[in-house]
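Participant: Please arrange chain B on chain A, whose structure you already have, making use of the hints.
First to last, the protein sequences are chains A and B. Residues 1 to 89 in the working numbering are what the first sequence lists, from first letter to last. Residues 1001 to 1257 in the working numbering are what the second sequence lists, from first letter to last.
Check the hints yourself; a few may be wrong.
Heads up, simulated EDC-like pairs for lysine to aspartate or glutamate below, C-alpha to C-alpha not over 16 Å straight-line [unchecked claim]:
| hint | chain 1 | residue 1 | chain 2 | residue 2 |
| --- | --- | --- | --- | --- |
| 1 | A | 61 | B | 1219 |
| 2 | A | 21 | A | 8 |
| 3 | A | 63 | B | 1245 |
| 4 | A | 61 | B | 1203 |
| 5 | A | 21 | A | 11 |
| 6 | B | 1234 | A | 41 |
| 7 | A | 21 | A | 5 |
| 8 | B | 1234 | A | 35 |
| 9 | B | 1234 | A | 5 |
| 10 | B | 1155 | B | 1230 |
| 11 | B | 1234 | A | 4 |
| 12 | B | 1234 | A | 36 |
| 13 | B | 1185 | B | 1219 |
| 14 | A | 63 | B | 1203 |
| 15 | A | 61 | B | 1245 |
| 16 | A | 63 | B | 1243 |
| 17 | B | 1167 | A | 41 |
| 18 | B | 1234 | A | 8 |
Here are the in silico distance ranges between beta carbons for each label pair [what the hints assert, rightly or not]:
| hint | chain 1 | residue 1 | chain 2 | residue 2 | range |
| --- | --- | --- | --- | --- | --- |
| 19 | B | 1099 | A | 2 | 52 to 60 Å |
| 20 | B | 1233 | A | 46 | 21 to 29 Å |
| 21 | A | 14 | B | 1096 | 43 to 51 Å |
| 22 | A | 2 | B | 1146 | 48 to 56 Å |
| 23 | A | 18 | B | 1204 | 31 to 39 Å |
| 24 | B | 1231 | A | 1 | 15 to 23 Å |
| 25 | B | 1227 | A | 53 | 22 to 30 Å |
The set of hints was computed from the structure by calculation and includes no laboratory data. For glycine and all other residues, C-beta sits at the position ideal for the given N, C-alpha and C.
As a plain string of letters, each chain reads:
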Amino acid sequence: MTGDELVEFAESIKSRDDFLKFMRFYVEDFQVNKDEWENTDLASYLFGLNGFVGSMDGYYKNKGEQVDVDHPSWKMLAEVLLAACVFEG
Amino acid sequence: MSLVDPSGWVVQETFGGFSDLAAILGLKEHQTVPYATLTPYNNYWANEGHSILAAGENTLRFGFNLLSYGVGEMFNDLGGVIDSGLGAISYVTGIEKRELYRTMEAMAPGVGSRIGRIGARANLAKSQVVIPNKRNFLSVEDFANLPKTGTIDPKSIRFSQDSINYKFSEPFENQTVDDFVKALKNGDVDPSTITPIRIVEREGKIFTLDNRRLHTYQEAGIDIPFQKLDGIPKRQQFKFSTENDGVEILIRRGKNK
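So here's chain A without its partners, still in its complex pose (with noise of 0.2 Å):
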């Protein structure tokens, strides 16, 4: 799975069992699409993470979606730990 492809999964999550199999492709994702990613150590990962959170309302509405994000569902759980890999924290 590209990484593409990755992002185009999180976005058709609708369940918890839907999120399970996105941890698996973005485990898979971490072996072997490393150069994809930004944040490779565990410090720049949680600085990206943490950085992504406080600044999701941007993005979702950037994107034009209309979304809670104090009630994140499991698709935003997998979109915050696929921004977490690139977001400068």
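Facilitator: Okay, now just chain B, sitting in the frame of chain A:
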């Protein structure tokens, strides 16, 4: 409606009730308008304890804009004038400014909170940034004509993220943005050895995917190496969290960062 000054840094909202007048005057949303720089923005003046000076500065600027550029542009400073005026009253009377805003809000619902927001933005801009020269952001046409790689004025590129950490991660672990700016200015870092920033087009505007590097080069005032991408990889879309079209970026300086 909002007005953005040519420097791109100070974003101030005009009051909703003025929208019709602004429309008559031909101002459009997010239109760039002339902005008088009579005095330098200064942390000292932005301090609450020196609000009288800030009031003076804003009133001077307000009047100058009115005389020089007409009625439309004076709105650019109106919020700042009222805010710093309240600051001056607060300073003299000892009543907290927030209480003055609450009183205003009670007397005219919606007004106090709006002015407060404008004033807060103006003060935030004063305390956090140095007003740069007029920003000429890269257009789609400019972008199309760029080579695949090269160097470019960092102030012509927009930020994709709304904020970045003050500290770098690898390979400059524990270095701060200021360390890197200093090293660039001193020549301790050779710009040609730094990975070029990636620049992309999104909805007719040109953004970087490498926000911290862009910020440091902007601060250092040195042209930045770039690499032009034809598209935006899907996982990079998560960076587009800016809510001001990438004009400015917030530097997070948390104790644990």
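Participant: Confirm or reject each hint.
Facilitator: Hint check:
no. : hint                       : in the structure
1   : 61/A to 1219/B             : 28 Å, violated
2   : 21/A to 8/A                : 13 Å, holds
3   : 63/A to 1245/B             : 13 Å, holds
4   : 61/A to 1203/B             : 14 Å, holds
5   : 21/A to 11/A               : 13 Å, holds
6   : 1234/B to 41/A             : 21 Å, violated
7   : 21/A to 5/A                : 13 Å, holds
8   : 1234/B to 35/A             : 15 Å, holds
9   : 1234/B to 5/A              : 9 Å, holds
10  : 1155/B to 1230/B           : 21 Å, violated
11  : 1234/B to 4/A              : 5 Å, holds
12  : 1234/B to 36/A             : 11 Å, holds
13  : 1185/B to 1219/B           : 9 Å, holds
14  : 63/A to 1203/B             : 11 Å, holds
15  : 61/A to 1245/B             : 12 Å, holds
16  : 63/A to 1243/B             : 11 Å, holds
17  : 1167/B to 41/A             : 15 Å, holds
18  : 1234/B to 8/A              : 8 Å, holds
19  : 1099/B to 2/A: 52 to 60 Å  : 57 Å, holds
20  : 1233/B to 46/A: 21 to 29 Å : 22 Å, holds
21  : 14/A to 1096/B: 43 to 51 Å : 50 Å, holds
22  : 2/A to 1146/B: 48 to 56 Å  : 27 Å, violated
23  : 18/A to 1204/B: 31 to 39 Å : 35 Å, holds
24  : 1231/B to 1/A: 15 to 23 Å  : 19 Å, holds
25  : 1227/B to 53/A: 22 to 30 Å : 29 Å, holds
Hints 1, 6, 10, 22, counting from the list given before, are not met by this structure.
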